[in-house]
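One-letter residues, chain by chain:
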Amino acid sequence: MSEDSLTTALLAAAAAENAAVYGYSVAGAKLGTPQDKAAALAAYDVHRAQVEVVREWLFARSSTPPPAAPVYDLPSPVTDATSAGTTLAAIEESTAATYADVVAAAVGSAAVQRGAALALQSAAVREAQWRTTSVPFPGLTSRLGS
Amino acid sequence: MLLAYDTAALSHPELASVLAPLRADHAAHLQGLLPDANTNSTIASSNPAPSSSPSDAVVGDLAGLERAAAAARLDDLAAAGGSLARLLASIGGCEASHAALLSLLSVQP
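Chains as they are written, first to last, in my numbering: chain S, 1 to 146; chain F, 1 to 109.
Some clues are possibly wrong.
To be verified - Estimated spans, in silico, between C-beta atoms of each pair:
hint, chain 1, residue 1, chain 2, residue 2, range
1, S, V71, F, D75, 36 to 46 Å
2, S, L41, F, L104, 46 to 56 Å
3, S, A69, F, S11, 47 to 57 Å
4, F, A68, S, T133, 35 to 45 Å
5, S, R55, F, D75, 36 to 46 Å
Stated by the list, open to error - Negatives, chain F to chain S, calculated, CB over 12 Å:
hint, residue
6, E14
7, H29
8, N38
9, A57
10, G64
11, S83
12, L88
13, S106
Stated by the list, open to error - Only part of the chain S face toward chain F is listed, based on derived beta-carbon distances under 8 Å:
hint, residue
14, T79
15, A81
16, E127
Calculated from the structure, these hints are not laboratory results.
Note that the structure is a prediction, hence the values are computed from the model and not measured.
Note that CB positions come from ideal geometry on N, CA and C, so glycine has one too.
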């Protein structure tokens, strides 16, 4: 795929990472157990770090990611610990989906492609932990279902 | 990988219900890559000797296989076109999530 499609995919990943940081800050507060709260805090840090990684990939392509928005739409309402876990699983799935698009667009850009695939794996691990079960094709769920 | 799950489930029937959804993911992967592949168990009708390994060692071995598979998927990407790379990356994500779920399982009573 072209350089432009990779930039487009990276911009979507940057937006997804900013939305994930916001989502964890909101939903993380509703989680019940200390283990879940600790996992959410660790995931929040991972997403904040990943915002910077994707930003660097974009800078390297002479593109500037938009700043984070103050508020993002959550994929589902968060009212309690259960709905918080469901929402965080959906956030990880949509993050994984943007990295799947980066992998597809990064043919010939080995370092970015590998980094995006690793980020997808990391999101898939967290998605499965919030769901307490795995999905066969993390990051492709909405694509395969449509 | 299917064979590893079948072997583990046969030698440790108490693990079968936990391992079945993970095996199903691998069957889906194989069919995603090779739509005509046969994903039925090939050893279900055989009569394996009961395993002498404790079940948490079996789970730990499966977790190690999953981790190695997820790492290998990263190396597969370079030779693939965009659509296949996307599929391989997703399969690697699933394998990484299996490794994490199995690791949790092996430390729980």
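Going down the list of hints, with the structure as the test:
1. V71(S) - D75(F): 36 to 46 Å: Roughly 40 Å apart at Cβ, these two residues keep to the hinted range, so it holds.
2. L41(S) - L104(F): 46 to 56 Å: This hint is violated: roughly 18 Å between Cβ atoms.
3. A69(S) - S11(F): 47 to 57 Å: Holds - the Cβ-Cβ distance for A69(S) and S11(F), about 53 Å, lies within 47 to 57 Å.
4. A68(F) - T133(S): 35 to 45 Å: Distance hint for A68(F), T133(S) is violated at roughly 22 Å.
5. R55(S) - D75(F): 36 to 46 Å: Between R55(S) and D75(F), where Cβ atoms are some 26 Å apart, the hint is violated.
6. E14: 19 Å, holds
7. H29: 7 Å, violated
8. N38: Answer for N38(F): holds, closest chain S Cβ roughly 18 Å.
9. A57: Non-interface label stands for A57(F): nearest chain S Cβ at 21 Å, farther than 12 Å.
10. G64: For G64(F), whose nearest Cβ neighbour in chain S is about 16 Å away, the distance exceeds 12 Å, so it holds.
11. S83: S83(F) is in fact no farther than 12 Å from some Cβ atom of chain S, at 6 Å.
12. L88: Violated: least Cβ distance 8 Å, not greater than 12 Å.
13. S106: Non-interface label stands for S106(F): nearest chain S Cβ at 15 Å, farther than 12 Å.
14. T79: 26 Å, violated
15. A81: This interface hint is violated because 18 Å lies over the 8 Å limit.
16. E127: 7 Å, holds
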